[in-house]
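Fit chain B to the supplied structure of chain A, relying on the hints for placement.
Respectively, the protein sequence lines represent chains A and B.
Numbered per my numbering, the first sequence spans residues 55 to 167.
Numbered per my numbering, the second sequence spans residues 69 to 180.
Rather than coming from a laboratory, the hints here were simulated on the basis of the structure.
Worth double-checking, as some hints may not be accurate.
Said to hold, decoys possible - Interface residues of chain B toward chain A, partial, derived using beta-carbon atoms under 10 Å:
#1 GLN70
#2 VAL72
#3 GLN74
#4 TYR100
#5 LYS106
#6 ALA109
#7 GLY111
#8 THR113
#9 SER117
#10 PHE157
#11 ALA159
#12 GLY163
#13 ASN166
#14 LEU168
#15 THR169
#16 THR172
Said to hold, decoys possible - Covered by chain B, per the in silico footprint, the following chain A stretches (three or more residues, Cβ under 8 Å):
#17 96 to 108
#18 153 to 162
On a predicted model such as this, the values are computed, not experimentally measured, just so you know.
Note that the Cβ used here is the ideal one computed from N, Cα and C, for glycine as well.
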Amino acid sequence: SAVISQKPSRDICQRGTSLTIQCQVDSQVTMMFWYRQQPGQSLTLIATANQGSEATYESGFVIDKFPISRPNLTFSTLTVSNMSPEDSSIYLCSVEFGNYEQYFGPGTRLTVT
Amino acid sequence: DQQVKQNSPSLSVQEGRISILNCDYTNSMFDYFLWYKKYPAEGPTFLISISSIKDKNEDGRFTVFLNKSAKHLSLHIVPSQPGDSAVYFCAASEGGGNKLTFGTGTQLKVEL
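Looking at chain A on its own, in the form it has when it is part of the complex:
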């Protein structure tokens, strides 16, 4: 497993603004993922962020709205751009060490007003 931290833990933002969420892992990992959990819903993958390559986005998610950086093997950021109330969700990063098991950070609770 790994120790995964996220910043901020929560934020309240105005519509039209952007928020960058950071994910830090205490060990090097190739595969990182970003998920979203909307209120009352399950977790949905936004994108896969592997170091050394461009992020791969799932259907319904685009880079202009959710740009991702992966500068090294322990860190990634997800930006939620031009926010609307529909973006109010918990955003989670996860990592996998090649054993099929993903480990999650504590999440960032975002409220857009």
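Just chain B, lined up with the frame of chain A:
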């Protein structure tokens, strides 16, 4: 299209008894299945997993059963403890390094 389903949104069990959480899937390409526990304001915590080449995996109080022909898996918790009260998600993947597809979750409440 919900490829992983947990049809029971909630389950209540007495302390010491068995908790059985169920999960169904439709995608026959899934070959790895996982269970996560989630407390409010925390990220999901990995509990136990099973490969499609097995039909049972145990880890302490937790056992996962997989019935490939029925596309069904279940998580058994014995004995149930009050600290087990949480939302449980099943998830599935098509091989390692790929996305997890999550079910909608089951809220387990273990009562004294």
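Outcome of the hint check:
1. GLN70: holds, 8 Å
2. VAL72: holds, 8 Å
3. GLN74: holds, 9 Å
4. TYR100: holds, 5 Å
5. LYS106: Status holds, d = 9 Å.
6. ALA109: Holds. Min distance 7 Å.
7. GLY111: holds, 4 Å
8. THR113: Since the shortest Cβ distance to chain A is 8 Å, the answer is holds.
9. SER117: holds, 6 Å
10. PHE157: At 7 Å from the nearest chain A Cβ, PHE157 of chain B passes the 10 Å test, so the hint holds.
11. ALA159: Since the shortest Cβ distance to chain A is 8 Å, the answer is holds.
12. GLY163: holds, 8 Å
13. ASN166: ASN166 of chain B check passes; min Cβ-Cβ to chain A is 8 Å, inside 10 Å.
14. LEU168: holds, 6 Å
15. THR169: holds, 8 Å
16. THR172: holds, 5 Å
17. 96 to 108: holds (count 5)
18. 153 to 162: holds (count 9)
Checked against the numbered hints above, the structure violates none of them.
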